[in-house]
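So the sequence lines, in the order shown, correspond to chains A and B.
So in this note's numbering, spot 94 of the first sequence is number 94, and the numbers just go up one at a time.
So in this note's numbering, spot 94 of the second sequence is number 94, and the numbers just go up one at a time.
Careful: at least some of the hints might be erroneous.
[As the list claims (entries may be wrong)] List of simulated lysine-lysine pairs, BS3-like, C-alpha gap at most 27 Å:
(1) Lys42(B) to Lys112(A)
(2) Lys42(B) to Lys79(A)
(3) Lys18(B) to Lys63(B)
(4) Lys63(B) to Lys85(B)
(5) Lys112(A) to Lys79(A)
(6) Lys74(B) to Lys42(B)
(7) Lys18(B) to Lys108(A)
(8) Lys15(B) to Lys42(B)
(9) Lys18(B) to Lys42(B)
Read the hints as simulated data drawn from the structure, not as lab findings.
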Amino acid sequence: DVVLTQTPPTLSATIGQSVSISCRSSQSLLHSNGNTYLHWLLQRPGQSPQLLIYLVSRLESGVPNRFSGSGSGTDFTLKISGVEAEDLGVYYCVQGTHAPPTFGGGTKLELK
Amino acid sequence: VQLVESGGGLVQPGKSLKLSCSASGFTFSSYGMHWIRQAPGKGLDWVAYISSSSGTVYADAVKGRFTISRDNAKNTLYLQLNSLKSEDTAIYYCARGTWDYWGQGTLVTVSS
Chain A
1 DVVLTQTPPT LSATIGQSVS ISCRSSQSLL HSNGNTYLHW LLQRPGQSPQ
51 LLIYLVSRLE SGVPNRFSGS GSGTDFTLKI SGVEAEDLGV YYCVQGTHAP
101 PTFGGGTKLE LK
Chain B
1 VQLVESGGGL VQPGKSLKLS CSASGFTFSS YGMHWIRQAP GKGLDWVAYI
51 SSSSGTVYAD AVKGRFTISR DNAKNTLYLQ LNSLKSEDTA IYYCARGTWD
101 YWGQGTLVTV SS
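Working from the sequences, and respecting the hints, build out all of it.
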């Protein structure tokens, strides 16, 4: 199975600070069809996960544009340009290129 | 779009349980669907997937014990859990195959 390694496991930020989360894959996530099925989710405390970014860099409808995704192959990054209080929670990357789907271990974003 | 899970509860080890996920607001039959679980205080753990044509894939940890199925006439996804173990204790979420919609989850507790 593909292993996704997220760093850091915990991130402390102040409101307005820009932060980045890394997701590294044990193998390339480039599918033979040319798509890269790497997505980012946010799980706020007590809530279900929600999709933020799909296919590496595409912003899900309704998600603020302070969120952005980048990367290719095995290295991917989620950036938040100006953290807001509502952004606190646990961020997960998930891959769907190789069966079975796998999740990263999560990155908890908390207020400093 | 709405996904609503039900059927969770307290069950003894070795017993069975059937979860349901009622879907609305989209053409259910056109989408693959996932079951994902989250043990208390832990990260996300993919469980099973069923395609729009009812092909299935399972995580190794549940293969042979859990069965995913769907009833397109009822717009409902199911997960049959057999031979339950304490380590199956978790919140079980259903999610659309594109990861863009998740239910609120249903708690399964396996304990004597």
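field: Satisfaction of hint between Lys79(A) and Lys112(A), Cα-Cα up to 27 Å
entry: Holds: Lys112(A) and Lys79(A) sit about 18 Å apart, inside 27 Å.
- request: Mind checking the alpha carbons of Lys15(B) and Lys42(B) for me, to see if they're no more than 27 Å apart?
  value: holds, 24 Å
- prompt: Under the criterion that the straight-line Cα-Cα distance not exceed 27 Å, is the pair Lys63(B), Lys85(B) satisfied?
  reply: Judged against 27 Å, a Cα distance of about 13 Å means the pair holds.
query: Regarding the pair Lys18(B) and Lys108(A), is the alpha-carbon distance no greater than 27 Å?
result: violated, 32 Å
query: Does the structure keep Lys18(B) and Lys63(B) at a Cα separation of 27 Å or less?
result: holds, 16 Å
task: For the pair supplied as a hint, Lys42(B) and Lys79(A), confirm whether the alpha-carbon distance does not exceed 27 Å.
output: Holds, at about 23 Å.
- prompt: Are the Cα atoms of Lys18(B) and Lys42(B) separated by 27 Å or less?
  reply: Between Lys18(B) and Lys42(B) the Cα gap is close to 23 Å, so the pair holds against 27 Å.
- request: Mind checking the alpha carbons of Lys74(B) and Lys42(B) for me, to see if they're no more than 27 Å apart?
  value: Answer violated: Lys74(B) to Lys42(B) is near 32 Å, above 27 Å.
task: For the pair supplied as a hint, Lys42(B) and Lys112(A), confirm whether the alpha-carbon distance does not exceed 27 Å.
output: holds, 22 Å
In summary, the structure is inconsistent with hints 6 and 7 from the numbered list given earlier, while agreeing with the others.
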